[in-house]
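Participant: Just so you know, the protein sequences line up as chains S and B, in that order. Each residue of the first sequence is one higher than the one before, starting from 1 at the first, in the numbering used here. Each residue of the second sequence is one higher than the one before, starting from 1 at the first, in the numbering used here.
Any given hint might turn out to be false.
[Claimed, not checked] Every beta carbon over 10 Å from chain B, so not counted as near; a handful from chain S, in silico:
| # | residue |
| --- | --- |
| 1 | Val29 |
| 2 | Glu212 |
| 3 | Arg308 |
| 4 | Pro355 |
| 5 | Glu454 |
| 6 | Asn484 |
| 7 | Arg492 |
| 8 | Lys545 |
| 9 | Ala548 |
| 10 | Ser567 |
| 11 | Leu663 |
| 12 | Ala778 |
[Claimed, not checked] In silico contact screen, one side only, chain B against chain S (beta carbon under 7 Å); selected entries:
| # | residue |
| --- | --- |
| 13 | Asp33 |
| 14 | Leu35 |
| 15 | Leu45 |
| 16 | Gly48 |
| 17 | Ser53 |
| 18 | Asn55 |
| 19 | Thr62 |
| 20 | Gly90 |
[Claimed, not checked] Okay, the calculated beta carbon distance ranges per label pair:
| # | chain 1 | residue 1 | chain 2 | residue 2 | range |
| --- | --- | --- | --- | --- | --- |
| 21 | B | Ala123 | S | Pro549 | 23 to 33 Å |
| 22 | B | Thr39 | S | Arg671 | 44 to 54 Å |
| 23 | B | Ala89 | S | Pro56 | 46 to 56 Å |
| 24 | S | Thr555 | B | Ala89 | 51 to 61 Å |
| 25 | B | Thr39 | S | Pro549 | 50 to 60 Å |
| 26 | S | Gly125 | B | Ala89 | 35 to 45 Å |
Since the hints were derived computationally from the structure, they do not count as laboratory data. From a predicted model like this one, the values you see are computed outputs, not experimental measurements. Ideal placement from N, C-alpha and C gives every residue a C-beta, glycine not left out.
Now for the letters of each chain:
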Amino acid sequence: MDDLLAEFLTETNEMLAELDVALVRLETVPEDAQNLSGIFRLVHTIKGTCGFLGLPRLEKVAHAGENVLSRMRDGALRPTPALVSLVLAALDRIKSIVADLGATGAEPAGEDGALIAALDAAADGDAPPGDVSGDGPGDGPAATEGTAEALPTPVAPAPPPAAPPLGTTRPEAGPPKPALASAPVPDSAPGAAQTIRVGVDVLDDLMTLVSELVLTRNQLLQLARTQENSAFTVPLQRLSHITSDLQEGVMKTRMQPIGNAWNKLPRVVRDLAHELDKRIDLVMLGAETELDRQVLELIKDPLTHMVRNSADHGLESPAERRAAGKPETGRITLNAFHEGGHIIIEIADDGRGLPVDRIRAKVLAQGLASETELAGMSDAQIQRFIFRAGFSTAAAVTAVSGRGVGMDVVKTNIERIGGTIELASRAGAGTTFTIKIPLTLAIVSALIVEAGGERFAVPQTSVAELVRAGDGSAEGGSRIERINDTPVLRLRDRLLPLVSLRELLRLDAPAAGGDPPTIVVAQVGPTTLGLIVDRVFDTEEIVVKPVAPILRHVTMFSGNTILGDGSVIMILDPNGIARATGIGAGEGREGAARIAAPAETTGHSAAMTSILLFRAGAADAPPLAVPLALVARLEEIPRERIERCGDALATQYRGRLMPLLPLTGEVDPARAQQPALVFTDGDRSMGLLVDAITDVVEDRLEVELGAARPGLLGTAVIAGRATDVIDTGYWLTRAFGDWFRPEAAKLGPPRILCVEDSDFFRALLVPALAAAGFEVTAAASAAEALALREAGAGFSAIISDIEMPDMNGFELARALRAGGAWSALPLVALSGRSTEADRARALEAGFNEHVAKFDRDALLDALRRVLSGPGGADAARELVA
Amino acid sequence: MSTQEPMTDTEQQYVTLTVAGQLCGIPVLGVRDVLADQTIARIPLAPGEVAGSLNLRGRIVTAIDLRRRLDLPPAEPGTRRMSVVTELAGELYALLVDQVAEVMSLPASAFEPCPPTLPAVWAEHSRGVFRLEGRLLVVLDVARLLDLAVAA
């Protein structure tokens, strides 16, 4: 193929992609004259170039299309959907001819008479016929789609017209044949070009070279480490920096906006909407988010598939939507953004949601799980069955989707590149898929571990934490226990399923004796899995190289790499390991593997609280707890910095003295460091000295036994153990005799009524508010609060819980606002739920503020706000008077 | 890589090697490198023929144990072995052999197909035999040797 033709193909493909987008826009915004003339110009250019290159068939089709567009531009024709479909059909024909041209170097034989006649008739003002795909053997629009997709990505991604100009790199360079022909960007003047076209394979080669350079650098650094004061140290450091910069630079050249993977979607959705007789709005957010082109290529197809799914299964027909009280036009939202080293892509629709009942029936019918198993599963777990192979719930197999090759393929493809996919669905409200994929596949940070005498790399992105297995004592941490030979570990009150790497990989070498094994806790989608390894080394930047084809069937490895010392090691794939051990497979039976509490369950148990666990006093004393939200900081205070002032202990902190109180009454003089929980209020702080801070857990805080001694609120079961909950109010008072009467209280403190049914929360709130300078009265129910009103009590503000028996917070607020002495008092809602909807509901009921429980600072802020507001000021004045 | 059949009158060059005493040859154009004893990292769960992987100037090369591949008894532990690096479909493979000897130019006239009585595993993986003075040289078919997917 000559260079001229190759260039023509690249440009035409780019223009065609642009045309797709522009025509869909034309249909929705027919009055956009600029858009229309843009379309006209593009088609005209294609036609002109065809004539110049001697491509008669292309030229004729383009010419007929141009005629119609020219009439539209002149205002003689209105761009109706039928007319736009016709022009799109002409474009499809052009695409198919161009595709053949690219493959064979010559125009394919074919007949376009009917299409041209239809276009001409339309140009003359006749209504376009319904179907024009009859002629042109085998390459009507329907066939075109197939041809176009079967070709090795004949996409020359052009940015959507509105895309902002990108600096010096033009990352969309992606010619279909990565011919090295570099041509200036067509619309820039010679010499002024800010971008050049570079073949993708040139970039790939560069990346490979840089990867090798990084490896060599690592190797040199390793060598240099063994030799002190070498003359090479300084130049080597410089080399190291330059290599890192180069690596970053080359990575940047490979970055492309994700919009490039999306630019086909408006057309796909538009065609689907016509085919399915639905109205669909496609919203694309974050199209400029960049990711490595290799990743981009790999997610393109799964994304298209998912958008098709949303349009076909997710969204209802206009009639159904109307009946459900939703706007007729359904909406599919694509959203991409960066988070950490990952890119997150959300595909959301506002359709009917995943039908749990139908999925359940289908799971039963296919024997994927038993009825008993299903009964024990949450809706979210049942919905995840759609990721199982061969699973499709579409009642009718439409032309669009529902052929049983579906989400499982998507999931596999995404996992192959180290990504995860999650779904959240609510009946009637829609479904959101969240895909999380690494930004780049080429260089990753990995943890090097050893098992059975061999070293392996585990990608850092999937390592949640490292746990050293102990001997089961309090100090040593929990030990590995076995259920019928299956190892498990108690981790923060859950069972973590364990996999011995040595057994899994059939490594026969015995365990490196002595040291207890370490467990690499790996996050695989929503499940967690522990890998037992013998040793953990360092983390290292590694260049991922694919494994040889003869090893591809070993799914436990995602690649291999060369370490700094030159040795070759395998990269473990936690996804593959989870699959091999049956953990990740649809995750139906492995509900126990969920350690990170999934968002949907926290909604049900609003009282889950972050609790800090610590120890003080005798070794056999029960563990101690305090809600984490009450603690400002955790400190390790060196022994020599603990000073004695009279009878009390204190330390200097930010130029002030911070009183220290040992929880056990004394400080162990043998310890070099003393951990302290720091509580602050405004600019005052106090430290509570403890023996050890052990953990932070999520659990319910329900004090079941009253306090046996001062300083404790009582005993609660936390993380499966009886735990003493400390009374922060008591310790605050001990630290500052006047904590209850700070200088702000000179005018007489504002009086607060605190309505809260839980004894525990009351016990917690009253001292906390008192410490902040309020005078607090507590009421255990709404009725009690109303009784206080009738009795003529006066307050500056009211804080009320929402979830209370008999009369809840909303009802109380409405009752107060309805009239009476307190109708204008500021009301602050205190709730375990803090979503926008809850907030809106609270404000609607008459609350002035809505604060999450345990967020002490937010509560104090809210109180200060409402008290400085008009109602509050009045109330305060009344009180003073 | 040589795809020519050694049927022409011209002489062809072969890298000769021995495996379990048998003299074998590989067309010299298909050989990228000859390596002395190398550190080979084991690959867990790999097929038995795969000895492991090694680092050849920054490229990862999969090592195939020719003895295992040809159903020969394993080498004595501790013996130093050499390898011949070849390329197939863009991937590098190292054939682990006992000894690599010189490069020989062999006339096409001395070539003939494998005798039909050869064991299947040998017949399958060789292209033919050269009659040399005093001994026979089996020309190995590298592509087939590396086609482990079929063998597995």
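Participant: Next, verify each hint and record whether it holds.
Facilitator: To see whether the hints hold, each was checked on the structure:
1. Val29: holds (49 Å)
2. Glu212: Answer for Glu212 (chain S): violated, closest chain B Cβ roughly 5 Å.
3. Arg308: holds (33 Å)
4. Pro355: Given that every Cβ of chain B is farther than 10 Å from that of Pro355 (chain S), nearest at about 40 Å, it holds.
5. Glu454: With a cut-off of 10 Å, Glu454 (chain S) comes too close to chain B, as the shortest Cβ separation is near 6 Å.
6. Asn484: Holds, since 24 Å exceeds 10 Å.
7. Arg492: holds (31 Å)
8. Lys545: violated (5 Å)
9. Ala548: Answer for Ala548 (chain S): violated, closest chain B Cβ roughly 4 Å.
10. Ser567: violated (6 Å)
11. Leu663: At roughly 51 Å from the nearest Cβ of chain B, Leu663 (chain S) sits farther out than 10 Å, so the non-interface label holds.
12. Ala778: Fine: 64 Å to the nearest Cβ keeps Ala778 (chain S) off the interface.
13. Asp33: violated (16 Å)
14. Leu35: violated (14 Å)
15. Leu45: holds (5 Å)
16. Gly48: violated (12 Å)
17. Ser53: Hint holds; Ser53 (chain B) Cβ to chain S Cβ min 5 Å, cut 7 Å.
18. Asn55: holds (5 Å)
19. Thr62: holds (4 Å)
20. Gly90: Not OK, violated: Gly90 (chain B) not within 7 Å of chain S, min 10 Å.
21. B:Ala123 <-> S:Pro549: 23 to 33 Å: With a Cβ separation near 24 Å, Ala123 (chain B) and Pro549 (chain S) satisfy 23 to 33 Å, so the hint holds.
22. B:Thr39 <-> S:Arg671: 44 to 54 Å: holds (48 Å)
23. B:Ala89 <-> S:Pro56: 46 to 56 Å: Violated - the Cβ-Cβ distance for Ala89 (chain B) and Pro56 (chain S), about 41 Å, lies outside 46 to 56 Å.
24. S:Thr555 <-> B:Ala89: 51 to 61 Å: 21 Å Cβ-Cβ, so the 51 to 61 Å window is violated.
25. B:Thr39 <-> S:Pro549: 50 to 60 Å: violated (23 Å)
26. S:Gly125 <-> B:Ala89: 35 to 45 Å: violated (59 Å)
Hints 2, 5, 8, 9, 10, 13, 14, 16, 20, 23, 24, 25, 26, counting from the list given before, are not met by this structure.
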